[in-house]
Amino acid sequence: MMRLSSRLIDIIKEATEHSFGDVAVYLFGSKVDDSKRGGDIDLAIETTVDRELFRKQKIAFKSFLFRRGYELKIDLVQYIETIDRLLFIEIEQNSIRLDNLQN
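Under this note's numbering, the first residue of the sequence shown carries the number 52, and numbering increases by one thereafter.
Think of the hints as simulated: they come from the structure by calculation, not from any bench.
It is possible that some hints are incorrect.
[Said to hold, decoys possible] EDC-like mimics (lysine to aspartate or glutamate), calculated; alpha carbons at most 20 Å apart, straight line: (1) Lys-64 with Asp-135; (2) Lys-109 with Asp-126; (3) Lys-87 with Asp-135; (4) Lys-124 with Asp-73; (5) Lys-113 with Glu-141; (6) Lys-113 with Asp-85; (7) Lys-82 with Glu-141; (8) Lys-113 with Asp-91; (9) Lys-113 with Glu-143; (10) Lys-109 with Glu-122; (11) Lys-87 with Asp-126; (12) Lys-87 with Glu-97; (13) Lys-107 with Glu-141; (14) Lys-113 with Glu-97; (15) Lys-109 with Asp-135.
[Said to hold, decoys possible] Label pairs and their computed distance ranges (CB to CB): (16) Lys-87 with Glu-143: 18 to 28 Å; (17) Lys-124 with Ser-57: 26 to 36 Å; (18) Leu-137 with Arg-58: 30 to 40 Å; (19) Arg-118 with Gln-144: 29 to 39 Å; (20) Asp-135 with Gly-90: 32 to 42 Å; (21) Asp-91 with Ala-111: 15 to 25 Å; (22) Arg-148 with Val-100: 25 to 35 Å; (23) Glu-132 with Ser-57: 13 to 23 Å; (24) Ser-86 with Arg-118: 13 to 23 Å; (25) Ser-86 with Arg-106: 27 to 37 Å; (26) Gln-153 with Asp-101: 24 to 34 Å; (27) Thr-133 with Ser-56: 18 to 28 Å; (28) Leu-59 with Leu-138: 19 to 29 Å.
Where a beta carbon is used, it is the ideal one built from N, C-alpha and C, also for glycine.
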């Protein structure tokens with residue numbers, strides 16, 4: 052189902068709330084597939100802010116994790132209909148929404 056610990060999910064949810072506010076966050080890519088090994092953490096943030104603000108929020112997100120001792124390989128993308136169509140479909144069909152998971 053997914054290759055992230057409950058603690059890591061909680062810290063990702065905290066970092067998302069701190070950096071982006073009350074938005075949906077989705078895990079996609081190799082960490083969703085239990086049969087795969089390695090890989091970075093691919094997250095899609097559902098927000099309609101402009102690119103510059105999203106870039107600043109990404110920096111805040113990674114800084115939040117770093118200050119808490121988490122040095123992780125994380126790719127953050129903006130989940131909005133104007134992104135690459137194949138990426139949008141991948142997230143839509145093969146992701147797990149993290150912000151409303153109960154651990």
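Hints, verified against the model:
Distance check on the hinted pair: Lys-64 and Asp-135 sit about 25 Å apart at the alpha-carbon level, beyond 20 Å; violated. As the CA atoms of Lys-109 and Asp-126 are separated by approximately 9 Å, the hinted pair is consistent with the 20 Å bound. A hinted pair counts as satisfied when its Cα atoms are at most 20 Å apart, and Lys-87 with Asp-135 does not qualify at roughly 24 Å. For the hint pairing Lys-124 with Asp-73, the CA-to-CA distance comes to about 23 Å; that exceeds 20 Å, so the pair is violated.
With a C-alpha separation of about 23 Å, the suggested pair Lys-113 and Glu-141 falls outside the 20 Å cut-off, and the hint is violated. For a cut-off of 20 Å, the pair hint linking Lys-113 to Asp-85 is broken: about 25 Å separates their Cα positions. Pair hint Lys-82 plus Glu-141 holds up; C-alpha atoms about 13 Å apart against a cutoff of 20 Å. Simply put, Lys-113 and Asp-91 have alpha-carbon atoms about 14 Å apart, close enough for the 20 Å limit, and the pair holds.
About 24 Å separates the Cα atoms of Lys-113 and Glu-143, which puts this hinted pair outside 20 Å; it is violated. For the hint linking Lys-109 to Glu-122, the alpha-carbon distance of about 14 Å falls within 20 Å, and the restraint holds. Note on Lys-87 and Asp-126: the hinted pairing holds, with a Cα-Cα distance of about 17 Å set against a maximum of 20 Å. A distance of roughly 25 Å separates the Cα atoms of Lys-87 and Glu-97; the hinted pair therefore is violated under the 20 Å criterion.
Restraint check: the Cα-Cα separation between Lys-107 and Glu-141 comes to about 25 Å, which exceeds 20 Å; the hinted pair is violated. With a C-alpha separation of about 17 Å, the suggested pair Lys-113 and Glu-97 falls inside the 20 Å cut-off, and the hint holds. Proximity of Lys-109 to Asp-135 is assessed by CA-CA distance (about 19 Å); at most 20 Å being required, the pair is judged to hold. Distance hint check for Lys-87 and Glu-143: the Cβ-Cβ separation is about 20 Å, which falls inside the suggested range of 18 to 28 Å.
Distance hint for Lys-124 and Ser-57: a CB-CB separation of about 20 Å, inconsistent with the stated range 26 to 36 Å. Between Leu-137 and Arg-58 the beta carbon distance is about 32 Å. The supplied range of 30 to 40 Å therefore holds. For the hinted restraint 29 to 39 Å between Arg-118 and Gln-144, the CB-CB distance of approximately 34 Å keeps it satisfied. The supplied range of 32 to 42 Å is broken by Asp-135 and Gly-90, whose beta-carbon atoms lie about 19 Å from each other.
At roughly 19 Å, the beta carbons of Asp-91 and Ala-111 sit within the given window of 15 to 25 Å. Under the hint 25 to 35 Å, the C-beta atoms of Arg-148 and Val-100, about 19 Å apart, miss the expected range. The hinted window of 13 to 23 Å between Glu-132 and Ser-57 is violated, with their beta carbons roughly 31 Å apart. Our hint of 13 to 23 Å for Ser-86 and Arg-118 is violated, since their Cβ atoms are close to 34 Å apart.
In this structure the hint that Ser-86 and Arg-106 lie 27 to 37 Å apart at CB holds, the actual value being about 33 Å. For the pair Gln-153 and Asp-101, the supplied restraint of 24 to 34 Å holds, since their beta-carbon distance comes to about 32 Å. In this structure the hint that Thr-133 and Ser-56 lie 18 to 28 Å apart at CB is violated, the actual value being about 33 Å. Our hint of 19 to 29 Å for Leu-59 and Leu-138 holds, since their Cβ atoms are close to 23 Å apart.
Comparing the model with each earlier hint shows violations of hints 1, 3, 4, 5, 6, 9, 12, 13, 17, 20, 22, 23, 24, 27; every other hint is respected.
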